[in-house]
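Could you put the whole structure together from the sequences, leaning on the hints where they help?
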Amino acid sequence: MTKVTTLADAVASIPSGSHVALSGFATARCTMAFAHEVIRQKITKLTVSQCVGAMDADILVGAGAVERIIYGGGSRGRSGPHSCLNRGIEQGTLKTEEFSSLSLTFRYLAGSLGLPFIPIRSLNGSDILKQLQQVTPPVVSTLKDPFTGDEWLVLKALVPDVSVVQVQVADEDGNAWILGPRWDNEEQAKASQRAIVITERLVSTETIRQYPERTVIPGFRVSHVVHLPFSAHPSSVYGVYDFDKAHIKKYAEASKTPQGLQQYLDQYVYGVKDHWGYLEAVGGMKHLDSLVADPILGY
Amino acid sequence: MTAEIEYAAYELMVAAGARELKDGEIVAVGLGLPVIATFLAQRTHAPHITILLELGVVDPEPLEVGVDGLSDPRIWYRAKAHTGFADMLGSVLHRGIVDVGFLGGLEIDAYGNLNTTLLGDPKGKFRRFTGSGGGNDVASNANRTVITIRHEARKLNEAVSFITSPGYLGGNDERQRAGLRGGPSRVITDKAVFGFDPVSKRMKLESIHPNTTLDEVLSNMSFRPIVPDQVPFTEPPTAEQIRLIREEIDPGRAYEGS
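Going down the list, the protein sequences come from chains A and B. Here my numbering is used: position 76 in the first sequence is 76, and no number is missing along the way. Position in the second sequence (first residue = 1) + 1000 = my numbering.
Worth flagging that the hints you see were computed from the coordinates, not collected in a lab. Check each hint, because a few of them may be wrong.
[Said to hold, decoys possible] Below, computed lysine to aspartate or glutamate pairings styled on EDC-like, alpha-carbon distance capped at 16 Å:
1. K1125(B) with E90(A)
2. K42(A) with D9(A)
3. K1123(B) with E90(A)
4. K1204(B) with E1158(B)
5. K190(A) with D161(A)
6. K1155(B) with D1190(B)
7. K130(A) with D1121(B)
8. K156(A) with E97(A)
9. K256(A) with E90(A)
10. K1123(B) with E97(A)
11. K245(A) with D289(A)
12. K45(A) with D161(A)
Keep in mind it's a predicted model, so treat the numbers as computed, not measured.
The following block contains the structure:
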C-alpha cells in the first residue's frame, strides 16, 4: 500500500504541541518545504529536537511555531548565527534544553533501543550539565555502575512523536536512502514513534531491492512519504543539489530582525500557495538547475 | 636555509598546530585553522594520521578548504567513510580511541576551559554564540586536546563566563574527578604557544612567536599564565610548509584572517 501523500496531508497529521525531530544540520538536508507548510497550517507549540541547529528549526522558531527546542547548539558556519533561535534563547521566549551533539545522539540512541536511559562521559563538569540539571521533569541524573561502582552521568531516552527526514531516495513504502554523512538521522528516525520521509526522488521498490544496503530507514517505520524536488532548498542535499549561497545570505539578512523575518515569510511562505510556488519565487527552474550537483563531487 | 622567510601569523599557527600531531594518530578536527594544520601534518611528517569530522566523515580530501562549515559538502569530498555522530563521536571518540581533539576556540580561561555558548551573564543579559555541537564531546573524551584561538585580552580570561567544553575545570585533579579523559595539552595563539602545569594545570607559556615580545604576549591576556625564567621563540614554519599551505592546502587563503 502506498504511503505517498501530499506535503499538506503529511503536515496535517501533526497536531500542535507535538515533539518533532528534524533532519537538518546547519545548511544540509534541512526540512525547509516541511517547515514552510507547518507555518502555513499554523501549527504551534511544537517541541523541536535535532543534534545541530539548522535552518529548518530556525525558521520554525522565527515564525512562532516552536515552544521548546532540544538541541546541541549550532550555527550556519560562515553564513552566520541562527538569529531566530539565538533571539529566542537570549529573550527567554524559547524554552531550551541544550546538549552536545553526542549527548543528544545518545538520547535518541537509547530511545531507538527501547532503553529508559543511557550513561555518558560527555557534559561532566560543564555548565551545559548545570543548566540541564535545572530542567523539569528531569532529563539527567547519576547512577552507580553495578559492576565497578563508578558513578556515571545518565541521560533520559528521547522519543519524539515524529521524525521528519529529508532524504535523496525513497520508494512509496518509505524505504529511504540517506547518502553522504547522516549525523543523528538514523538514531533520530528510529527513536521516534514514526517517521515522515521527504524525498527528492521517488523510485520503485525494485530499485530499492537492487541496493538494500543503502536503506537507512526501512519502510515499516514510516507513516508518510512526500515526493518533492528541491524540498531542502536553500540547504543542500548531498549528490542532488548544492546549498544556495545567495538565498541563504538573503535569509541571513532578513532573519536578523523579527520585522525582516516577517517580510521573508510574507514573500516566500505565506505569499506562495505551496512548494511549487516557492520554487518559482526563488528563481524557478533556470535558477534551480544551477544548483544541481556534480555526480562525482556530490555538490 | 639561513635566509629570512616571510610568513603570516596564521601560517606559523598552522605549522605549530601540525607539530602537535604524531604520525598514526586519530584526530577529531574542528573547522578552520585546525583543518589546515591537520592537512599540513598529513602532507609532511604524519602521512598515516586518520582525520575525523564529527558529523560522520573519515579522511576527506577536499579540493578546497575555504568551506562554509561542517555541513558544506565540499569538506566531505573523497572521504573513506560517511557515517554519523553515533559512530564518529560514539564508537570512536567516546570509546576512547581519539588521540587528539583539535579545536578552534572563542574564549578560553587559565585552566583551558572553553566557552562557545554565550557572552555575558547566563542568568541575566547575554549574547548567544553557537553552543557546543561536538565541541564538548571532543574536549571531554579525546586523549588530549589542542586549541587554537586569537590572542586577544577579551578571549583569554581568568575564568570563562560559561564552560561549554571542559579543560581542567578549577585545576589540580578536578578534571579527573569529574570523570573526564585527557585534557588540553596545547593552546596556540597568534602570539604564543602555551602548555599546562602538570600539577596545578594552570596555563603555562611554552614559547612566544618571533617578532613578538613577552610584554606584548602578557599585556594582551586578561590573566597571568605561568611564565618560566627562559621562554624560547616558537619554531617558525619552514619554506616547504609555507609552500604546502599556500600552493596545495589553502591556495584561496581562506583562513588568513583566522
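Please list, smallest to largest, the hint numbers that this structure does not respect. none
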